[in-house]
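Protein chains in written order, with the numbering used here: chain P, 1 to 196; chain R, 1 to 100.
Think of the hints as simulated: they come from the structure by calculation, not from any bench.
Glycine is no exception: its CB is placed at the ideal position from the N, C-alpha and C atoms.
A portion of the hints provided could be inaccurate.
[To be verified] Here are the computed distance ranges between Cβ atoms for each label pair: (1) P:Gly143 / R:Leu17: 43 to 53 Å; (2) P:Ala92 / R:Asn46: 35 to 45 Å; (3) P:Asn141 / R:Lys12: 42 to 52 Å; (4) R:Asn46 / P:Pro109: 37 to 47 Å; (5) R:Asn54 / P:Thr7: 19 to 29 Å; (6) P:Glu79 / R:Glu93: 26 to 36 Å; (7) P:Arg195 / R:Ser72: 45 to 55 Å; (8) P:Asn52 / R:Arg53: 20 to 30 Å.
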Amino acid sequence: MRLSVLTNGHSFLQKVQIKIITKIIGQTPSPILVLSYKKKFFGKHYTPWLQNSLRKTNHWTIGEVELMGVYISKSNGCEYCTADHIAVAKNALDESVIRAVLTDIDTAPIDVKMKAVLKFLNKLCVSPNEVSKRDIMALKNEGLDRDAIEEAIHVCGIFSVMNRLADAFDFEMSTDLEKVGEFLFKKGYGGGCLRG
Amino acid sequence: MLKKIVLNILGKGASELALRKQTYKKVNSIVNTDRSEPLLPNTLDNYVEKVARNAYKVLDEDIAALKTAGFSEDEIFELTVTAALSAGAARVELASNLLD
Numbered sequence: 001m002r003l004s005v006l007t008n009g010h011s012f013l014q015k016v017q018i019k020i021i022t023k024i025i026g027q028t029p030s031p032i033l034v035l036s037y038k039k040k041f042f043g044k045h046y047t048p049w050l051q052n053s054l055r056k057t058n059h060w061t062i063g064e065v066e067l068m069g070v071y072i073s074k075s076n077g078c079e080y081c082t083a084d085h086i087a088v089a090k091n092a093l094d095e096s097v098i099r100a101v102l103t104d105i106d107t108a109p110i111d112v113k114m115k116a117v118l119k120f121l122n123k124l125c126v127s128p129n130e131v132s133k134r135d136i137m138a139l140k141n142e143g144l145d146r147d148a149i150e151e152a153i154h155v156c157g158i159f160s161v162m163n164r165l166a167d168a169f170d171f172e173m174s175t176d177l178e179k180v181g182e183f184l185f186k187k188g189y190g191g192g193c194l195r196g
Numbered sequence: 001m002l003k004k005i006v007l008n009i010l011g012k013g014a015s016e017l018a019l020r021k022q023t024y025k026k027v028n029s030i031v032n033t034d035r036s037e038p039l040l041p042n043t044l045d046n047y048v049e050k051v052a053r054n055a056y057k058v059l060d061e062d063i064a065a066l067k068t069a070g071f072s073e074d075e076i077f078e079l080t081v082t083a084a085l086s087a088g089a090a091r092v093e094l095a096s097n098l099l100d
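Please build the complete structure, drawing on both the sequences and the hints.
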């Protein structure tokens, strides 16, 4: 981490929790450190949006949401989030499918709706000022309704924030991706901001 | 929910509020128009441009330069969060406005 306050600037109660987490899984994931530091400024308010957008969707499965997260993170060049969310997505999807999406989305074995939404999210990441109503119409023509598109847009919003924080602060890569991935798949993101 | 997050990062903080507002506005403008007005000092402008456009290019030297320019770690934390949040919120707003 590039800012020392993000590793040693937490409250006493948070430091206790950080010690416990580190003892159990070998390290405290960097997103937890960032979301917990000065939590009233950011983490306390961002975490519910994170949990809602990635775990309370009506139109997308957890696997699909995580695949969006992987693809968005890749679009933003964020190695940390790409690796972490491949590990989460693997709990719902075959890894070969995830890798195929990252290699060539046109030939990847996913349905046309998913392909369309991933391409849209890539455009929203890379050239947002070129996104237009035509892009939305194209998604609707593939059978996606307004609410499904809106949910995907919020996934993009979530990752657009976290990808930037991961790279700007230089998040420490997870030492046990499998364990982190399984934990986030089962428990979600609601515990990202430590109490205290 | 998103509005509440934005209100908080543009509220009480260790860094100068005017600078946070300018940072938020700059990144919003980059997302919507690919252009923006420069921030002062130049060191901050360079950093915010990187966070907004390609955060993976941020280096230790960028943080060191901000510190040399007089920014504390708390200020850098807040300004980075502000820039990152603006990048996400502007995309949500932009795309959501096209839905109907």
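Numbers of the earlier hints that this structure fails to satisfy, in rising order: Of the numbered hints, just 7 does not hold.
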